[in-house]
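Engineer: Chain by chain, the residues:
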Amino acid sequence: MKKQLVIIGGGPAGLAAAVAAYDAGVRDIAVIEREERAGGILKQCIHNGFGLTRFKESMTGPEYAQRFLDEVNARGIEIMTGTFVTGLGADKKVTCMNERGVFTLEAGAVILAMGCRERSKGALNIAGTRPAGLFSAGTAQKYVNIYGHLPGRRVVILGSGDIGLIMARRMTLEGAKVECVCEIMEHSGGLRRNIAQCLDDFGIPLYLEHTIVEIKGKERVESVVIAQVDKEKKPILGTEREIFCDTVLFSVGLIPENELTKGAGLALDPHTKGCFVDENRETDIPGVFACGNVLHVHDLVDFVSEEAEVAGRAAAAYLACGERERAYIPTEAGENVGYVLPQRAGKGKDVKLYFRVRSAFRNAVIRVEAGAAVKTYRRIAVAPGEMENVTVKAADLADAPSVRVSVVREA
Amino acid sequence: MKREFVCIECPRGCDLTAETAQGGVIVAGNFCPRGKMYAEAEMTCPRRIVTSTVRAAHGMIPVKTGGEIRKEKIFEAMARIRALRVDRDVRQGEALSADIDGEGTPLIAAASYRNGER
Amino acid sequence: MSACSGAAAGAQQSAAGWRIFSADGREVWARAVVNCAGAGAEQVARLFGDAFFRIGFRRGEYMLFDRAAGAHAVHTVFSVPTKAGKGVLVTPTADGNLLAGPTSVEEETYTTAVRRSAFAQIAPKASAMLKNIPFGQVITSFAGERAYSDRHDFILEWGKSGVFHAAGIESPGLTSSPAIAAHIAKEVSAALGAKKNAGFVPVRRSIHWFKDLSAEEKNAVIAQDAAYGRIVCRCEEVTLGEVRDAMRQNPPARTLDGIKLRTRAGMGRCQSGFCQPSVFNELMREFGMAAKEVTKFGGKSNVIVGGEL
Chain A
1 MKKQLVIIGG GPAGLAAAVA AYDAGVRDIA VIEREERAGG ILKQCIHNGF GLTRFKESMT
61 GPEYAQRFLD EVNARGIEIM TGTFVTGLGA DKKVTCMNER GVFTLEAGAV ILAMGCRERS
121 KGALNIAGTR PAGLFSAGTA QKYVNIYGHL PGRRVVILGS GDIGLIMARR MTLEGAKVEC
181 VCEIMEHSGG LRRNIAQCLD DFGIPLYLEH TIVEIKGKER VESVVIAQVD KEKKPILGTE
241 REIFCDTVLF SVGLIPENEL TKGAGLALDP HTKGCFVDEN RETDIPGVFA CGNVLHVHDL
301 VDFVSEEAEV AGRAAAAYLA CGERERAYIP TEAGENVGYV LPQRAGKGKD VKLYFRVRSA
361 FRNAVIRVEA GAAVKTYRRI AVAPGEMENV TVKAADLADA PSVRVSVVRE A
Chain B
1 MKREFVCIEC PRGCDLTAET AQGGVIVAGN FCPRGKMYAE AEMTCPRRIV TSTVRAAHGM
61 IPVKTGGEIR KEKIFEAMAR IRALRVDRDV RQGEALSADI DGEGTPLIAA ASYRNGER
Chain C
1 MSACSGAAAG AQQSAAGWRI FSADGREVWA RAVVNCAGAG AEQVARLFGD AFFRIGFRRG
61 EYMLFDRAAG AHAVHTVFSV PTKAGKGVLV TPTADGNLLA GPTSVEEETY TTAVRRSAFA
121 QIAPKASAML KNIPFGQVIT SFAGERAYSD RHDFILEWGK SGVFHAAGIE SPGLTSSPAI
181 AAHIAKEVSA ALGAKKNAGF VPVRRSIHWF KDLSAEEKNA VIAQDAAYGR IVCRCEEVTL
241 GEVRDAMRQN PPARTLDGIK LRTRAGMGRC QSGFCQPSVF NELMREFGMA AKEVTKFGGK
301 SNVIVGGEL
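The listed protein sequences derive, respectively, from chains A, B and C. Just so you know, my numbering puts 282 at position 282 of the first sequence, and the rest follows in order with no gaps. Just so you know, my numbering puts 103 at position 103 of the second sequence, and the rest follows in order with no gaps. Just so you know, my numbering puts 294 at position 294 of the third sequence, and the rest follows in order with no gaps.
Okay, chain A solo, but in the shape it has when bound (with noise of 0.2 Å):
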């Protein structure tokens, strides 16, 4: 069957990405969505906080999902519920698998919006036993929140991103106890109000540069032994300790799930685990794009709406006038920035360069260097957790052979 335009991912990403190409004229979309109802990752995120930036407001995210449903379905278009995408070609083939059986969808253009997956404790090489107890933060929250089941009532938890914190907090209002949260880092990687809001307001203890070493317990899980870590991120002899719980939650990590683009034959970037793309998010593949989690980790699900509806957009452009012939410059990560998106730009407009910094200060400076063109912005403060962005007037881009962004401390 031939469809215009495909959006494999009905969550935040996929939701946008169809609206915004509708509205620039496609109509023939369709979006695959492997669970029973669309909204993604959102439906389980039930705290505030989303929206900030966009609607202005502190959405929950079943409420920010919502807003982009409703425009979804009063354009009409289609959201394919409870299929599964098993298979994507670069001929742009979308091979797919539902209760009525497999089929595959001719797609004029791709859009990935895949979103991601969680690190599992497994990667981690934690010794100890295999016992009943452990959770990935995410399924913890599932259950929590989707299914109601509370998992335990005495919780570690090893990460201190945001999903962490969320689940520090959303444990001990259900009755838990958190006994700490443990970073490997020397800082957190989550937001300053979720510290506060998530940690601080129920004294629960944060252990930075500290690691589980080992998993105890026959059946359920009865213990962690933690211990501090030096600064290559190695155990320290004699600084174990062992704490007594019922439950760990792991929030070690979001990786992007690409193994459809993989099969497409893209290639990643290993800093971003997502495909290279232009400032339009076009991959590798002339008329597949790519937007939101699975191009790379977001932390406020309002720029990934807005990577969306780039992609949205360029999709419906690519539809309407074909591949053109562009002239790329790459972009790069200079001192301290872990990596910059897209990986390349098109000459002749504004482009703006999305970027992680490696370490957190404060009074940063962000070094923008396009051939002779230096330019510099200043941030009150600046953390690897928070993605960072700054745009690139078109008038610098025009004889510069690339790119780079660095991120220093103000003299």
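Among the hints, erroneous ones may be present.
Which chain A residues stay away from chain C? Per the calculated CB distances, all over 10 Å, these [unchecked claim]: (1) 74; (2) 76; (3) 78; (4) 106; (5) 130; (6) 148; (7) 174; (8) 219; (9) 246; (10) 284; (11) 326; (12) 333; (13) 361; (14) 377; (15) 390; (16) 408.
Derived lysine-lysine pairs resembling DSBU-like cross-links, with alpha carbons at most 30 Å apart [as the list claims (entries may be wrong)]: (17) C:300 / A:92; (18) C:211 / A:273; (19) B:2 / A:177; (20) A:177 / B:71; (21) A:218 / C:300; (22) C:211 / A:231; (23) C:211 / A:92; (24) A:234 / A:93; (25) C:292 / A:262; (26) A:216 / C:125; (27) A:231 / C:131; (28) B:73 / A:56; (29) C:292 / A:218; (30) B:71 / A:43; (31) A:262 / C:131; (32) A:234 / B:73; (33) A:93 / C:211; (34) C:218 / A:93; (35) A:273 / C:131; (36) A:3 / C:218; (37) A:177 / C:131; (38) C:218 / A:2; (39) A:262 / C:211; (40) B:71 / A:56.
The set of hints was computed from the structure by calculation and includes no laboratory data. Predicted model only: the values in this text are computed from it and were never measured. Glycine is no exception: its CB is placed at the ideal position from the N, C-alpha and C atoms.
Assemble chains B and C onto chain A, guided by the hints.
Structural biologist: What follows is chains B and C alone, placed relative to chain A:
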């Protein structure tokens, strides 16, 4: 009483110290008036929005308090939320309880729910 | 054929045969008994009054890699074996993962915990044999116990009790197991005076078979049962139909790990992060379990212990 905490009003994250004195609050470390207001509220009457879920016949409905409630009332509100049961259709934005904290704050459904569907 | 699960606590012989019972009072009657209890073979033998061999065991720890790393080794690679065994090997698995290990640690008590030192023991030995092993793609680690006997050879014989013992099956035990099975079947059927079953079907179909069908074959299956059109485990492409097959087999899978071991749901790169709640719900539905009754692997390994909200 003296307290130190980080202001959450903006990404600057000023380190604030606040001290209650003579019926008022003395705040230091704030870069702007919002920080002063935040510290004053935290020292005199800290309030929070509470989000949770309510059990319905087929699933859980995400809910939020209709406004910030007093921090001391959080666990009392949570107990009331846990006791609620819904077995009818609910519209997003509807109040599932007129008073969830004993001080008149309603509990609002953050999503619609159709009782017939599994 | 039926199966029940539980640890044997004692055995009583009578004219009718053996009565084997567990600590919680469940029992099974049998005319013939085969002891293939691995690390527990000596203990089990003693329950029946046989004590002609000793069993020791050695813990072995493994690191398992993402299937994306499965092509890193094309062969099973290991160093020349010593008395202690084959040592650490690096191998692709039948399911497409990469596997490194095992270690070998003499144990007094049975434990399947992974020691803190295991990683530092496996990695250098593996790296000495193969370059650039992608340790960043480890998805889990685990341990098991390998039993050995004081005879240092296979023990395949009848005890004075009349129980057949298959114990101390050391390397090359896995390779030998089909032949050992045929041998046991011959011995036991002779002792029972059993006649060959003409209707015996020797082939047992894999529970995880759907993903390798062609599109047409899949559609034919889905047309019969829509459950096969729904994917539960996305990492290993396991369908709802296969999860239900595992719960409806004899013996049925009744736990998360039971379903995992048969269908591979939960063995993939996300290690059940995505599929666990769905499998959990299926167990509740199929067996009418309350949430607090679902376990990871039976016993007290309950998944939800905090109550219902």
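Engineer: All the hints need checking, so say for each whether the structure fits it.
Structural biologist: For each hint, the structure was consulted:
no.: 1; hint: 74; in the structure: holds, 29 Å
no.: 2; hint: 76; in the structure: holds, 25 Å
no.: 3; hint: 78; in the structure: holds, 18 Å
no.: 4; hint: 106; in the structure: holds, 14 Å
no.: 5; hint: 130; in the structure: violated, 6 Å
no.: 6; hint: 148; in the structure: violated, 4 Å
no.: 7; hint: 174; in the structure: violated, 6 Å
no.: 8; hint: 219; in the structure: violated, 4 Å
no.: 9; hint: 246; in the structure: violated, 6 Å
no.: 10; hint: 284; in the structure: holds, 19 Å
no.: 11; hint: 326; in the structure: holds, 32 Å
no.: 12; hint: 333; in the structure: holds, 20 Å
no.: 13; hint: 361; in the structure: holds, 27 Å
no.: 14; hint: 377; in the structure: holds, 34 Å
no.: 15; hint: 390; in the structure: holds, 30 Å
no.: 16; hint: 408; in the structure: holds, 29 Å
no.: 17; hint: C:300 / A:92; in the structure: violated, 49 Å
no.: 18; hint: C:211 / A:273; in the structure: holds, 26 Å
no.: 19; hint: B:2 / A:177; in the structure: holds, 27 Å
no.: 20; hint: A:177 / B:71; in the structure: holds, 18 Å
no.: 21; hint: A:218 / C:300; in the structure: holds, 9 Å
no.: 22; hint: C:211 / A:231; in the structure: violated, 45 Å
no.: 23; hint: C:211 / A:92; in the structure: holds, 21 Å
no.: 24; hint: A:234 / A:93; in the structure: violated, 46 Å
no.: 25; hint: C:292 / A:262; in the structure: violated, 39 Å
no.: 26; hint: A:216 / C:125; in the structure: holds, 27 Å
no.: 27; hint: A:231 / C:131; in the structure: holds, 27 Å
no.: 28; hint: B:73 / A:56; in the structure: holds, 27 Å
no.: 29; hint: C:292 / A:218; in the structure: holds, 18 Å
no.: 30; hint: B:71 / A:43; in the structure: holds, 26 Å
no.: 31; hint: A:262 / C:131; in the structure: holds, 24 Å
no.: 32; hint: A:234 / B:73; in the structure: violated, 42 Å
no.: 33; hint: A:93 / C:211; in the structure: holds, 18 Å
no.: 34; hint: C:218 / A:93; in the structure: holds, 18 Å
no.: 35; hint: A:273 / C:131; in the structure: holds, 23 Å
no.: 36; hint: A:3 / C:218; in the structure: holds, 23 Å
no.: 37; hint: A:177 / C:131; in the structure: violated, 46 Å
no.: 38; hint: C:218 / A:2; in the structure: holds, 21 Å
no.: 39; hint: A:262 / C:211; in the structure: holds, 18 Å
no.: 40; hint: B:71 / A:56; in the structure: holds, 24 Å
The structure fails to meet hints 5, 6, 7, 8, 9, 17, 22, 24, 25, 32 and 37 from the earlier list, while all remaining hints are met.
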